[in-house]
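Enquirer: Next come the chains, spelled out residue by residue.
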Amino acid sequence: MAKESIVLDRVTKRFGPKVAVNDVSFRIEEGEIRGLLGPNGSGKSTTMRMIMGIMKPDFGAISLCGVDVLRDAIAAKRLVGYVPESPYLYEYLTASEYLDFVGTAYGIPPDERRQRVSELLGALQMSEHVNEVMSGFSQGMKQKVAFVAALIHRPRILVLDESLNGLDPRSARIIKDILSRLSKEGVTVLFSTHVLEIAEVVCDKITIMNEGNVIAEGTPSELRSKVGLPGSTLEDTFLKLTGSEDTAKIVEALKL
Amino acid sequence: MKWATVRSLAIVLFKSFYRASRAGRRSPFSSPRSITAIDVALFIPIFIGAWYLISAVTGAIRAYLVTLTTQAVVSLPLLLTSAVIIAGILFELGNASGLASSEAVNWLPVSPREYVVASSLSLMFAYTPLLSLALAVVLPLAIQLGFASVIPSLLFLTAVGFFVGAVLVEAIRSVTSRVSVSVYRKHNRLGTIGRILVFIILFVLVDIAFQPAFLSLALSVIVNGISLVWFVPMVWPSVALAAELSSDLVRSALFLAMTVAFGIALFYLSAFLRSRYWSPFPITINASSSSVYVPQGGSFAWLDPTAYAIALKDLRSLTRRKEMARFLAIPVILVVVPLFSAVYGGGSPESSLGIFLIAEVSTMLPIMLSVISLGQEGQSITNVYMLPITPSELTRGKIFFPTLISGMAVAAALVLFQFLFPFTLDQLIILILALLFLVVTEVLVGLGTGARYPDFTLGPRARYVTMGGFIASFAVGVAATIIVLAPFALFLVGPSLFSASFGISYLTALGSTVAIGAIVLTVAWAYCTSGVKKFLSDMNH
Numbered sequence: 001m002a003k004e005s006i007v008l009d010r011v012t013k014r015f016g017p018k019v020a021v022n023d024v025s026f027r028i029e030e031g032e033i034r035g036l037l038g039p040n041g042s043g044k045s046t047t048m049r050m051i052m053g054i055m056k057p058d059f060g061a062i063s064l065c066g067v068d069v070l071r072d073a074i075a076a077k078r079l080v081g082y083v084p085e086s087p088y089l090y091e092y093l094t095a096s097e098y099l100d101f102v103g104t105a106y107g108i109p110p111d112e113r114r115q116r117v118s119e120l121l122g123a124l125q126m127s128e129h130v131n132e133v134m135s136g137f138s139q140g141m142k143q144k145v146a147f148v149a150a151l152i153h154r155p156r157i158l159v160l161d162e163s164l165n166g167l168d169p170r171s172a173r174i175i176k177d178i179l180s181r182l183s184k185e186g187v188t189v190l191f192s193t194h195v196l197e198i199a200e201v202v203c204d205k206i207t208i209m210n211e212g213n214v215i216a217e218g219t220p221s222e223l224r225s226k227v228g229l230p231g232s233t234l235e236d237t238f239l240k241l242t243g244s245e246d247t248a249k250i251v252e253a254l255k256l
Numbered sequence: 001m002k003w004a005t006v007r008s009l010a011i012v013l014f015k016s017f018y019r020a021s022r023a024g025r026r027s028p029f030s031s032p033r034s035i036t037a038i039d040v041a042l043f044i045p046i047f048i049g050a051w052y053l054i055s056a057v058t059g060a061i062r063a064y065l066v067t068l069t070t071q072a073v074v075s076l077p078l079l080l081t082s083a084v085i086i087a088g089i090l091f092e093l094g095n096a097s098g099l100a101s102s103e104a105v106n107w108l109p110v111s112p113r114e115y116v117v118a119s120s121l122s123l124m125f126a127y128t129p130l131l132s133l134a135l136a137v138v139l140p141l142a143i144q145l146g147f148a149s150v151i152p153s154l155l156f157l158t159a160v161g162f163f164v165g166a167v168l169v170e171a172i173r174s175v176t177s178r179v180s181v182s183v184y185r186k187h188n189r190l191g192t193i194g195r196i197l198v199f200i201i202l203f204v205l206v207d208i209a210f211q212p213a214f215l216s217l218a219l220s221v222i223v224n225g226i227s228l229v230w231f232v233p234m235v236w237p238s239v240a241l242a243a244e245l246s247s248d249l250v251r252s253a254l255f256l257a258m259t260v261a262f263g264i265a266l267f268y269l270s271a272f273l274r275s276r277y278w279s280p281f282p283i284t285i286n287a288s289s290s291s292v293y294v295p296q297g298g299s300f301a302w303l304d305p306t307a308y309a310i311a312l313k314d315l316r317s318l319t320r321r322k323e324m325a326r327f328l329a330i331p332v333i334l335v336v337v338p339l340f341s342a343v344y345g346g347g348s349p350e351s352s353l354g355i356f357l358i359a360e361v362s363t364m365l366p367i368m369l370s371v372i373s374l375g376q377e378g379q380s381i382t383n384v385y386m387l388p389i390t391p392s393e394l395t396r397g398k399i400f401f402p403t404l405i406s407g408m409a410v411a412a413a414l415v416l417f418q419f420l421f422p423f424t425l426d427q428l429i430i431l432i433l434a435l436l437f438l439v440v441t442e443v444l445v446g447l448g449t450g451a452r453y454p455d456f457t458l459g460p461r462a463r464y465v466t467m468g469g470f471i472a473s474f475a476v477g478v479a480a481t482i483i484v485l486a487p488f489a490l491f492l493v494g495p496s497l498f499s500a501s502f503g504i505s506y507l508t509a510l511g512s513t514v515a516i517g518a519i520v521l522t523v524a525w526a527y528c529t530s531g532v533k534k535f536l537s538d539m540n541h
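Residue numbers (this note's numbering), protein chains in the order written: chain Y, 1 to 256; chain X, 1 to 541.
Extracted from the complex, chain Y is given alone in its bound form (with noise of 0.2 Å):
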């Protein structure tokens, strides 16, 4: 049996009156990619961010690789390389020195981190960008950036929060085919993303979210098996799990 690297049991977190994650149960094994999917507001980051040790949980348990990460959360997060939908990197800095900040909090030797930073950036061609301020960057160059910072540490879970957006086409496929290295490799994904396309062919596995609830989690197949629509998209079973499937009607009525 595989190992599990993500347990989260019966977690629940509140803002004020509003349950943005409600009792949510999953185990991740060692090596899978997991597709973490939902609408907007759906608890996707908010899930994602308790799992970090960013925020904390009112209620259930957390472990990544056996560790607590309520106990421990610094132990957690040497284990973890995580990408937010939105990286907020110190665009003061340059992409090096940002680098360097987050290789030494991870504690990584200089000459490992050259090495590293230096196969990174070139696969993402980002190498002449290096010692350029940040502020000046593109969306995708930060994106890209935030992703170098992730992997540096050769993490054992990478959790990726809607970060293949922004991304050029070739910087997409790289990012995709790292992510399928790395799983070989043993490493845990979690991922989550509104283009379901790249998540039927990226994820072994999805996990549904809606309204701060697990509505669904399995292979794809199983997904449409579930919702009785074999030889469907991801996307007309996402609709139909989420409950927004007549979009069409919308559309009509907007005249235009």
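You can take every hint at face value.
Not the full set, but computed from the structure, chain X residues with beta-carbon under 7 Å of chain Y:
1. TYR293
2. PRO295
3. PRO305
4. ARG320
5. ARG321
6. TYR385
7. LEU387
8. PRO388
9. ILE389
10. ASP538
Hints listed in this document are in silico derivations from the structure and should not be mistaken for laboratory results. Glycine included, each C-beta is placed from N, C-alpha and C at the ideal position.
Fit chain X to the supplied structure of chain Y, relying on the hints for placement.
Expert: Same frame as chain Y, but now just chain X:
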């Protein structure tokens, strides 16, 4: 020129100017109608109050008021033009301009001339309360003291001066946009240092400009020196008014016409500069010509690599972010402004001023620099949360540069004041010891409070700490200063202020300074580390 476009763009720019500031979103200043209401509400009661006050004044005071009115009438256009220019430049220097600007004008069918007029009008309108306030004081003086005939010229020239100031800001904005692009591409370090120095000088000058002693000095200098600098276009409105007051109507008409011509010429120049030099694209700053990644970092003093990386990042933030320059200007302002007021206020500086200023610098500066150190991270604080950074590393990294910069500023102030108001060697030893404890204590108090009450909102005049936190940090900081400096104060002035029984010996003062300083420092460390630990435990911001 389409005036409908100008009008709607001016309203949009005005609203974004005010709403770019956090205060503006909540304040009544954020709509053109309400600011007009505020202008009227300011003008009427002050005008009436001033009117009755002047009516009641007789004799020598009335004679003095006549002199003051002459100075005010002549100086008003120049002072208000300068105020608009300085306020406009400061707005540009703060990150407010980034928040208030709209990229849309770069691709909408808006001509440079339309933009310059709209932007100038919005800037002028934003500062009409200042105009309203000034006129509410100057007009009753002018009417009652025999200057009523110059009022039409005064109003006209003040309005033209306001426009000239606003158009000049537009011209500066276009040129600096291009200069920034060129300079930062080629000479990043030079540009960064130069920019910080310019910011600091500007902030100090603005602070001095609002000192009453300076205003009084400025009024007399403008009136007496105006004939010497008649060739400077900015003083032409004042020259015209001075000429009218001395019944030289030809000279007055000439300078009035030249003022109008200058305003029109400046407008065309500003529109040309905008079309020629405005760069709507983000600046790409190269820190190095090399495109090779060379790892940097290490450890330094009591800082392990992670704490040092945090400290280094904060130093770069302090020197590269223009909105942080005002914090670097604080030590200079803290020393220069009170000294300026003391010197130009007519009095002679005394040693009590020296002690007060040293205590002020060693309390305010460390708190100010450390209380903002977490909040200034803004949304990027996510990095601190997602990386495996311990509370101890964050605390040590965050206190390093506030301690170093404050220590250097306090040492410089001490040297300056030792030169002006010498302490004896015994006094100096106790004072230096107390200040060492005090600077570190205040840095810890600031960081501990900043960790408990951070404000990550980025905007103009952002505080980076909540108002409650700001007040709390200064209350605790002042209390710590009083406690730590108490033995020194008793040793220095106890016997002379009270009685001989209030004095303490050198050794007692030395010993109690060390003991009290160590206790206060320990308490401050515990306060700071518990705050940082709490801060890192959950990102509920």
